[in-house]
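Participant: Sequence:
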Amino acid sequence: MNTDQTVAIVGMAARYPGAGDVRGLWANLVAGSDSIHHYSRAELTDGGADHEQISRPGFVPARGVLAGPTNFDWAFFGYSRTEAASIDPQQRVFLECASAAIDDAGIDPTRFPGWIGVYAGADVVDVRVRSGQGELATVIGREKDFLATRVAYKLGLRGPALTVQTACSTSLTATHTAVRALVGQECDVALAGGVAIIPGDEWGYLYEEGGILSPDGRCRPFDEHAGGTVPSEGVGVVVLKRLSDALREGDRIVALIRGSAINNDGADKIGYTAPSPTGQSEVIRYAHHVGGTDPADVDYVEAHGTGTRIGDPIEVAALTDVLAPAGATAGSCGLGAIKSNIGHTGAAAGVAGLIKTALSLHHRQFVPTAHFRRPNPMLDLANTPFRVCTEVEKWPDRGTPLAAVSSFGVGGTNAHVILEAAPTRSRPIRSGHRVLAVSAATPSALRQSNRDLATRFTEPGVDVAEAAWTLAGRRQHRYRHAVVASMNDEAEQALRAFGESGGDGTPARLGTVAFVFPGQGALQDNAGASAYRLLDGFRGYFDLVAKHVSETHGVDLGPIVAAAPPDDDWFRSTVHQQLGLFALGWALGRQLGDWGVRPAAMFGNSVGEYVAATLAGVWKPRDAASLVYARASAMTTSPAGRMVLVSAPAAEVLDRIGTGHGVTLAVDGPRQVVLSGPEAAVDALLAADALAGLDVRPLSVRHAFHSPAMREPAEALRAAVADNPSARPTVRLIANQTGDWADETLVTGPDYWAGQLLNPVRLTDGAGTLLNADIAVFLELGPGTSMLGTLRRHPNWSPGPATIPLLGRSGGAAGDGDHRPGGRGERALLTAIGSLWAHGVDAAMSELMNVDESERPVRCSLPPHPFAGTSPDDGRPAFRPVVPRADTPAPGSATTGRVLLAELWCGTLGVPSVAEADNFFALGGESLMVVSLLSRLRERTGQSVSPIEFVADPTFGTLLRLAGTGAQQPAPGIVALHTAAVPSGRPVFLMADAFGTVLPYRELAALLGRSVYGVAPAAGDPAAGAPGGRIERLAAEHVAAVRSVDPTGPYTLGGWSFGVVVAHEVARQLEALGATVDHLIGLDGFPPAPARPIGADLGYLAGSLRMLGDVVLGTGPLGARVRRDRALRARFTANISALLRYRPHPVSCAATVFLVDTDEAALARTRERLTGTYSGAVSTHHAAGDHWSMLTVPHVAGLAATLRACLSEQRPN
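Numbered continuously in my numbering, the sequence shown closes out at residue 2600.
What the hints contain is simulated information worked out from the structure, not anything from laboratory work.
Keep in mind the model is a prediction, meaning the values are calculated, not measured.
All C-beta atoms, glycine included, are put in the ideal place defined by N, C-alpha and C.
Just so you know, nobody snuck in bad clues.
Using C-beta positions, here's what the derived DEER-type ranges look like: (1) 2110 x 2434: 39 to 47 Å; (2) 1960 x 2071: 22 to 30 Å; (3) 2209 x 2187: 31 to 39 Å; (4) 2098 x 2533: 53 to 61 Å; (5) 2041 x 1960: 29 to 37 Å; (6) 1751 x 1425: 31 to 39 Å; (7) 2461 x 2489: 34 to 42 Å; (8) 2026 x 2046: 13 to 21 Å; (9) 2026 x 2084: 19 to 27 Å; (10) 2427 x 1939: 52 to 60 Å; (11) 2024 x 1939: 13 to 21 Å; (12) 2039 x 2114: 37 to 45 Å; (13) 1954 x 2084: 17 to 25 Å.
Please put together the full structure from these sequences, using the hints given.
Facilitator: Printed below as a string of structure tokens:
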């Protein structure tokens, strides 16, 4: 078998009568169920069926019905209710089914490296339904042409997207087209399928003698009483891959497609709608030729099987014409047809037969053909290779199981597919814990997903490792919950507990992060073993330090990461402790950096401050390791001493012990202190009753750290620090000696570090400083939770921030196996990784998938993302036009105005009513819809409302207030998109896009760890673009707005798309005024070569004309956003026209440019191109997503992490 020519079915999704998914469909097939619904007279009357129609002779009140065929989770796919209602229900259902199929295959289109295509068709569209959205919107929403491309757009599929229409054979023809595309390397994954939804006012059909429809609502393929089929609804999608790729990538394979073919009957039949035995036999024969299969080896044929007295015999004759001459014996091949169970699902019929047959091969079972009693004598089955399947039976053992599926369309397009059972394979699976990463678009969907998965874990055939692998490869949604488990029952209990808890999960946003590092004593066992085993990045960084200290200082750090730890004595060494904590902390910090996690602040206890300083760039790692060695070695030369931990506030302890005995405060922590001093002095203190009643625990150290006993070691350390090069930190550090932010100049000098060794560690003050820094997530980089405990014990602690200990709690006695595979250490590490992933650090989960091909589990079928079951067509508000009049009162001045605002709000969002507390974005609104709403408000009332002011609190109550009191005079718009309590750098100013809005920057602004301001045009005519059609005049307004916030600079500027060019001109004008611009950020945009009009660049001109065409025609993602807003279209057009006339000039700042849809060669060309535009350093980076999604979840997290790193190289003011 040629694995590049063979195609694997790696995912499926379906909804057919009586079955909401593939598993339900299979259960019905095994049961031999008839899922056609027969309406009672009461149902017809109560449902509003047309009395005249249902009273006609021959009316059959039966059809195959989907549950909720008009239901659609419009919010999940980013539609408003109004826009969703304009889309054909067939396209809506198919979009949901395609999404479920992608989930079933365990594929995330945003991370998949190749092209994913989609090939699909739909049934007849109900042309009587109109959207009320305008002619173009009606066409796009209803026509079949847009079925496949809508899926490609909403799921982010970048391969071919073809709508295929061949009547009844549509979906099997689409499958054949997808197979040929895969074999021809046109795509790497393909979705194929079809959909049919019957208009809601059809309650049955009229039977006509000699027609194709059944007289009694029963479909009886091959039976002597066969009278026709029954109209039915359904949708089915299969996900296909080349077999070679599926085997390599560990996909679950349901069945293989060995060969396929399509043809047409031509004129070789009695009429256009009649079948042709010659055409059918030819396509069957050619499908076997393509697949290299022997027709005599076929064990089962899923027939087209419409159940007509003439059609069935023609189909069996055509099959016999191919199989019998090849040597197939009488009765050797099973025959069936799914239409006996679900009726004729039109464009979804072929894929229904394909899914049934693939499942039969997977389960190695034949299933019964419903309603079959005795064969149609015209079949002459005794002289054919066929027998009709009538019961559940085991697949015959005749070699590799082989089956075939036929689908024939009215008009003569025939399709035939040869299927083979999937190859048997097994992979050795590493024992131990796994992370089950569950995500969903809403909290309620997340809870439902957890419940669905919990139920799946109670069923046979599910493995934790396979489930974890599958979930990790799926799309990552906003709300997340991670479970760590090693056994099915453990996974089931944890998933169900969350699903029934009412919890919302964790929004996938990391926020501002702080790293904290423990001090000596935290290292008690081989704490790094699990990280060393599971994380490639950590292992490489740890080895770098370990190699250096081994070669330079003769210290072996291997025991820290060994599978089994040495005895306790190894960990009692001060040198081992301090070098070990440094190596662990630094390697963990670098691993986090690789995942895009960069701290806004760091705080280390004693030796932990060295880790923080090194990660902040004060020293190079090898130099820092040598300093830690010098420090620890010098400390061991001091006189013998003792240290004790006392659980009480520092003031109480100091008051109790008094002075003059040589015992001093070494660590001042919240409700916990460490005392340090000479052995005799500490022993005497403990023997007295000064500390009676308090919890006092001796520490396992032999010297009096952070006390006057450290004077000589401090001097030795001073000399060592002076001999090593240092640099100012790029991240804010908290100083041990003061508990306040460290002076960035002092922290590079020897005096600072000598004093750090001599003086007490001010943990309480340091924790207070950190807790006032607006930190969202605290990460402890080292063994245990001592530093996180310090934060939680502080009086200023509040339960808001997340605390994540990367290595979990400290282990017990050495040798307890805690950090072996499956141990507590592994669970702790994976729990931390799961928490990071839940906070939006997708790269952490990707690290766990970075294993050898031989160790990868095989993916499995898991429940897809659940969809909200409501119809956008139900309960929509009935909008009535309000004719604008000159005397229309201002909205805030009368009830009339409130009603008008409510009408505009509801019309924009497609909601039936509104309350003052309603949040625009929570109801499905997005940034351009805000602009559209406010533009329509101005058209109707003449009242201007700034979108920036509205978005600061986007409720209906805010809109009422602003519309009633909004300023009538235009003013430059500037708003704080995010204000950092303790910013990690100077503010960032982002210029509005071509629509005049800064709303797309909201997600990015919250992730940068510094204050971010949006700069928009003056509030005036919403249809007006750049003043006077000049970018220079627009930029001049923006310069004034920027300087109103920061009069002196230096400035960091940026923008997305059009906003990049405006930011460039703002930078030029600021430099002309003598100000310093040190950084310009380009988000999928940059100005071309300077001195020429942008329109002279053919690439820019072509792209701009393409966008203008989309806006004018209302096509593509751009046109979809503006087609209902004339003012928005006008502003965009005016701004693009101004852009094409603009001549950029060089500026002297550095530039960081992010581009989507690019590769390293293109990034390098862009860097070279921009060297003539920016005299500072130019860096270019790839951004995930596309032009429209790069600033949204989940893509924005990675972009923000990279941008934070680039900006961190700036020097603070």
